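K.L.:
Sequence:
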Amino acid sequence: MLLSVLVPGFAAVLFGAGVAGAAFNERAECTNLLIDDWESQSRLTFLYYNAMLQPTSDDETMKSVVVSPDNRVTLTPVDEDSYFFSETTCVNAENLYGGLSLRIKAARGTTFNVQLSSPTTCGDEEDSAVATQSTKDLGWTFDGSEKLYSIPFSKFSELDLTKVTTVFFGEFSGPVTFGPLSFYCGDTPTDYELPATTAAPAPTSTVPAPSSTATALLIDQFASEDENDLGFWHGCDEGMSLTFGRNQLTIKSSDSDYSFYSQVSETCGDLTKYAGSYLHIQYSGSNKFSVALQQHNSECNENIAPYPETWDSLEAARYATATDIYMPLSHFKVDLTRSIGFALKGFYTTDSTVLKKIEIVPSVPSGFQVPNKLASGNLVFACKRPNSFAFAIDDGEPRLAQQVMQIVREEGIQVTFFTVGAPLEDPSTNLTNVYTEMQAQGHQIALHSYTHPPMEGLPDDAAIDWEYDQDVAAVSAAFGGLHTPYFRPPFGTEGARMRQRLALALGTDDPYLVMWSVDVEDWLWAETDTPEKQLEAFQRDVDKGGNLVVMHYLYDSTVSYLRQFIQIAKATGKDLMRVDQCMEDPNAPPL
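Residues -22 to -1, 1 to 569 in mature numbering (1 follows the signal peptide of the UniProt record, and there is no 0) are what the sequence shown spells out, letter by letter.
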């Protein structure tokens, strides 16, 4: 019934009856049992898990399923055939829970059905008792405000209360917004109380802002759509909306992965004389984005991988007033002799930003407070050890994992696996056992977030912290207290906030954010009529000098090419190793 990118097939595996209720010996000890708190968009619509780490989905029947930062989910149906369901751990609710409760907001006149089911045997959904009530049957009415509603089990007489397994919502007449869904104790419906969450503050202070002796450098006043005031290219990633006005540019971004670029050179621009100066951006509107200074590769050649070699990102809002942003160039931890240009990226709101000027100036206005530079880690696209090459493999299909292990074992190489945390906690995936075996064989296990969201696109620091904290805990629990400073951003989405919060979460100023310079493009070709283009993509990037791989074992075709990928890498004469080894990490195992 469910399609999961990372862990298909887990929907059939449920825990034994009575597990959830077994901890409560007396009703006085009972508290609401959470089914879903709508904490994470990606957990819900990418991994298809609820808070119980059980299956939940609309099976793509809805027009949209949108989680908001206030722990609400809005379901917008296509028609009355749209539905949404959430499974439980086959809860024994008898003499303990009186029903389910949740807050709902819907327009006046909205209707839908609620269906509960219980199997004869937990884990066997083929033979289930099903009971249905309409909102009218339940006595529910809506007026556009949010209210607490209950689904009392007394209304569902066909249900076996010792095995409450699925809640199914269907036949929607219009959009609805749900609050946290939980079992309530006894006969009185109560809200599930969300635990208080606050983001730990980053160490914040101000630093001196001395003037520079360098003259000002005007970079961009947006007079032309094709080039900036230096005569170099400016433009954006496909998908970003740019509207040029008279000496201003309005940016509207629907994706945190999009960037606007304004270059200071066609190859390597030397900004060292501005090392004591400040990047000034005159703007209006939203400052919820990052500013990056990109660094060219050592050959100053865009045809050699990686290009760019790296960059550092600063959080615009930390350096901003309502109209101006001032960032010390010294806060960008890059080689200024190899500057490509500036990128405005990691937009985490769809609100518009209007740019009026980008320049480098020798000083900041009197009274402007320059914040301290926050740790932002090492953004790496290539191995540092001479003559090295590393396979960095992201999560995939559990059924293909053993085949991957066999291939790397037969080829006699060590690799790095970046694993998502939530599936490790789901026994049906068997991923904890798989990766434990891989770790025992000498492979590196590293972090890849808890639910695989675009990290910089998350709404606030608390949401970013939740991903890191849950992931770190899951990996530690699964692998005997493992603590690693290696992290691969899901989708490669990077920005200042997620870098700063990663450093805080891992307790180090220098975590590794591992990107790639060799992309097999499995996401593009694996399920097409030309899967062999994955081999072409791999060879293309290797020919450019790439030496750090991204791939997934999601698809049969990709795994079938893995041995050839490895042999192509070996043919370069480079030594194949783990990521930490290719980074010359002193804490990595010896070669």
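Derived by calculation from the structure, the hints in this document are not laboratory data.
Honestly, I wouldn't trust all of these hints.
Computed list of lysine to aspartate or glutamate pairs in EDC-like fashion (alpha-carbon distance at most 20 Å, straight line) [said to hold, decoys possible]:
(1) LYS311 / ASP115
(2) LYS83 / ASP105
(3) LYS311 / ASP248
For each label pair, taking beta carbons as the anchor points, the in silico distance ranges come out as [stated by the list, open to error]:
(4) ASP115 / ASP438: 21 to 31 Å
(5) ARG224 / ASP488: 42 to 52 Å
(6) ALA253 / ASP534: 19 to 29 Å
(7) SER232 / ASP438: 14 to 24 Å
(8) ASP438 / ASN73: 50 to 60 Å
(9) THR328 / THR250: 47 to 57 Å
(10) ILE282 / THR184: 35 to 45 Å
(11) SER112 / GLN384: 18 to 28 Å
(12) GLY390 / THR193: 30 to 40 Å
(13) SER538 / LEU172: 40 to 50 Å
(14) THR193 / THR54: 53 to 63 Å
(15) ALA253 / ASP169: 53 to 63 Å
Here the structure is a predicted model, which means the values were calculated and not measured.
Just so it is clear, CB atoms sit at the ideal spot from N, CA and C, and this is done for glycine as well.
K.L.:
So, for every hint listed, does it hold in this structure?
P.N.:
Hints, one by one, checked against the model:
1. LYS311 / ASP115: Violated, because 63 Å separates the two Cα atoms, which is more than 20 Å.
2. LYS83 / ASP105: Not satisfied, since the Cα-Cα distance of roughly 34 Å exceeds 20 Å.
3. LYS311 / ASP248: Satisfied, since the Cα-Cα distance of roughly 14 Å is no more than 20 Å.
4. ASP115 / ASP438: 21 to 31 Å: violated (39 Å)
5. ARG224 / ASP488: 42 to 52 Å: Holds, at about 45 Å.
6. ALA253 / ASP534: 19 to 29 Å: violated (52 Å)
7. SER232 / ASP438: 14 to 24 Å: Check passed, 19 Å falls within 14 to 24 Å.
8. ASP438 / ASN73: 50 to 60 Å: violated (41 Å)
9. THR328 / THR250: 47 to 57 Å: Violated: the Cβ-Cβ distance is about 37 Å, outside 47 to 57 Å.
10. ILE282 / THR184: 35 to 45 Å: holds (40 Å)
11. SER112 / GLN384: 18 to 28 Å: Cβ of SER112 to Cβ of GLN384: about 53 Å, so the range 18 to 28 Å is violated.
12. GLY390 / THR193: 30 to 40 Å: For THR193 against GLY390, whose Cβ atoms are near 58 Å apart, the range 30 to 40 Å is violated.
13. SER538 / LEU172: 40 to 50 Å: holds (46 Å)
14. THR193 / THR54: 53 to 63 Å: holds (55 Å)
15. ALA253 / ASP169: 53 to 63 Å: Given a distance of about 55 Å, which is inside 53 to 63 Å, the answer is holds.
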